[in-house]
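If you want the building blocks of each chain, they are given just below.
Number of protein chains: 2
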Amino acid sequence: MPELRKDPVTGRWVIIATDRAKRPNQYVKIEEERKGGFCPFCPGNEHSTPAEVLSYRPKDSLPDTEGWWVRVVPNKFPALQPEGDFKRFAEGIYDRMTGIGRHEVLIESPSHEHTYADLPEHQIEEILWAFRDRMVEMRKDRRMRYIMIFKNWGYEAGASIEHPHSQIIALPVVPKRVQEELQGASRYYDFHERCVFCDIIDQERADGLRAVVENDSFLSFLPFAGRFPFETCIVPKVHTAFFSDIQKNEIVDLARIMKQTFSLLKQALNDPPYNFVIHTTPFEGAVDTVYYHWHIEIMPKLTKVAGFEWGTGFYINPTPPENAAEYLRKLAAKPVEAQEEGQIVSATS
Amino acid sequence: MPELRKDPVTGRWVIIATDRAKRPNQYVKIEEERKGGFCPFCPGNEHSTPAEVLSYRPKDSLPDTEGWWVRVVPNKFPALQPEGDFKRFAEGIYDRMTGIGRHEVLIESPSHEHTYADLPEHQIEEILWAFRDRMVEMRKDRRMRYIMIFKNWGYEAGASIEHPHSQIIALPVVPKRVQEELQGASRYYDFHERCVFCDIIDQERADGLRAVVENDSFLSFLPFAGRFPFETCIVPKVHTAFFSDIQKNEIVDLARIMKQTFSLLKQALNDPPYNFVIHTTPFEGAVDTVYYHWHIEIMPKLTKVAGFEWGTGFYINPTPPENAAEYLRKLAAKPVEAQEEGQIVSATS
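Chains as they are written, first to last, in my numbering: chain X, 3 to 351; chain B, 3 to 351.
Do not rely on the hints blindly, as some may be mistaken.
Since copy identity is lost for identical chains, a pair holds within one copy or between any two.
Claimed, not checked - 30 Å max Cα-Cα, derived DSSO-like pairs, lysine-lysine: (1) K239 with K78; (2) K89 with K332; (3) K8 with K268; (4) K142 with K178; (5) K8 with K250; (6) K8 with K332; (7) K239 with K8; (8) K78 with K61; (9) K61 with K332; (10) K239 with K332; (11) K89 with K142; (12) K268 with K142; (13) K178 with K8; (14) K306 with K8; (15) K178 with K332; (16) K61 with K306; (17) K8 with K336; (18) K61 with K239; (19) K306 with K178; (20) K239 with K306; (21) K306 with K268; (22) K250 with K306; (23) K332 with K261.
FYI, nobody ran anything at the bench for these hints, they're computed from the structure.
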């Protein structure tokens with residue numbers, strides 16, 4: 003079974019996949035072999051995934067048959083496994099624990115091609131409901147400390163299967179990057195007695211430098227210190243710590259702003275590879291809800307992360323967020339028929 | 003001039019390159035255009051780089067002409083610039099500072115192809131001396147807080163020029179990842195009154211599970227909680243905080259273990275892309291030297307870093323370090339004539 007190991011210097015946890023260990027010669031050539039051929043996520047191929055744990059489908063249809071519009075299955079190659087005892091060990095000075103956890107795949111629609119930029123808003127709403135439903139379910143496992151929802155789009159961003167899908171992972175530890183956000187937000191709150199995310203929303207709405215789209219419940223903007231060109235954040239305007247507390251009306255607004263934001267990024271950057279991550283608080287009770295504010299991070303993968311970034315945790319972003327935001331706003335303001343590629347390029351020159 | 007910006011939640015600094023800002027259409031197609039054609043780092047093309055700040059060359063040859071065997075020049079497209087005032091500003095709730103710093107390129111040999119695996123040991127020694135000389139020089143700028151030496155090898159690891167070169171950056175802040183190492187090492191020292199790196203060396207030498215090569219002064223091994231398959235660490239066996247304090251005899255031993263380690267990785271993984279980073283302490287006085295221990299990290303880039311890693315700072319390593327280390331040790335034990343590709347592959351099966 004997989005194993006969690008802690009770096010003795012930084013405290014960073016790593017999952018070591020002992021079961022399906024790759025041999026050196028398996029790395030020698032990494033080719034993009036995923037295009038074309040058999041798709042395990044397309045309708046009609048339900049037997050080629052593990053049995054579904056959730057699906058939205060007509061009442062009279064059977065599980066693991068066609069007819070669904072959203073389908074959640076356990077990951078066939080899970081990073082963590084739900085079975086087994088949760089144990090911690092020493093190995094000399096090192097710390098390890100059994101790789102207990104859950105790892106599911108959410109197949110976002112029957113369509114092999116359409117993703118957030120192209121799907122109808124009501125389908126994105128269904129995806130968001132499924133995220134929420136699985137999060138509520140996974141919280142019942144008391145061994146777990148954190149649930150993360152993310153999506154990799156495009157080979158360069160790490161997607162190994164082409165059919166649009168996202169992933170849900172429940173972890174037995176709060177990951178380092180989440181802890182950093184929690185600690186930072188907590189320090190800010192101690193000092194100002196205000197939520198740092200609420201302050202960010204106020205400033206981004208007031209000066210409009212980095213804002214892209216806004217509706218009743220959500221704002222999308224490019225973070226002031228974004229690590230990647232066109233890195234984008236979507237945040238609920240009302241302070242909310244847990245993604246799963248989202249209101250029904252908010253789901254409608256979130257689906258709309260997601261479709262708008264992803265459409266703009268797709269037009270501007272020619273359907274870029276990206277990573278999409280929902281940042282929410284850990285389980286209830288683990289953290290004070292006054293200082294944390296859930297949000298979505300979208301990271302287009304246009305640049306290579308190199309030695310400098312790996313060595314320092316210090317990123318170089320070659321496009322100021324203000325410039326990128328202005329570009330996206332101009333694109334949004336254009337009538338649809340003018341949004342041809344030639345027009346887009348000339349708008350920047 | 004470039005600008006440093008701080009993320010208000012996590013405290014992470016980002017360099018925003020305002021001068022040579024990239025437009026969206028510049029990202030649309032990233033092609034590998036670096037192969038073939040004109041090389042600014044090859045002998046005879048010295049005029050196409052900024053004027054050299056250091057070179058090892060015959061006494062009677064002129065700067066910026068042929069004859070050198072190691073050459074250091076300012077980066078033509080620096081992430082940070084040495085000129086200008088060092089200022090800090092507020093922008094509402096956000097923090098920024100001018101992008102003061104130094105960014106140099108070290109051309110590792112006149113050869114366009116040969117890198118650490120192929121260069122003679124005495125040439126690697128010369129490269130190491132140049133690292134040390136530049137570090138000593140850069141320390142004289144009192145505005146700087148940290149110096150980092152790194153190398154990107156291969157397009158996938160972020161190298162934009164093919165000719166083997168490394169980079170030296172002086173930064174006005176201590177980067178986050180370095181701070182994490184310092185804090186972790188300090189906590190370990192407070193608890194155990196021992197250096198965590200010295201303890202790691204003792205355990206790796208005692209059980210031999212993850213060790214690869216050892217000589218009088220250095221050990222190379224695969225870290226217990228390595229983030230990447232075949233991630234490798236080279237560490238001085240005697241406790242030393244500053245890379246630039248390296249002894250002359252140690253330079254010889256370091257060149258030897260680097261050549262051996264990189265040769266094994268090249269054979270095992272078919273010349274993989276990698277990032278190479280020297281982790282040393284910040285400037286003297288900034289940190290207590292009892293708990294920090296300089297070391298080298300080598301990160302082959304065989305897997306894609308995806309949403310899960312970006313969202314959590316939690317890595318999935320599909321090859322246990324013990325398996326990878328055993329594989330490299332077997333390779334090292336083979337007579338050279340048997341080290342053909344077919345032999346390597348069959349050794350794993």
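To test your reading of the hints: which numbers does this structure violate?
Numbers 1, 2, 5, 9, 12, 15, 16, 17, 18, 20 and 22, in rising order.
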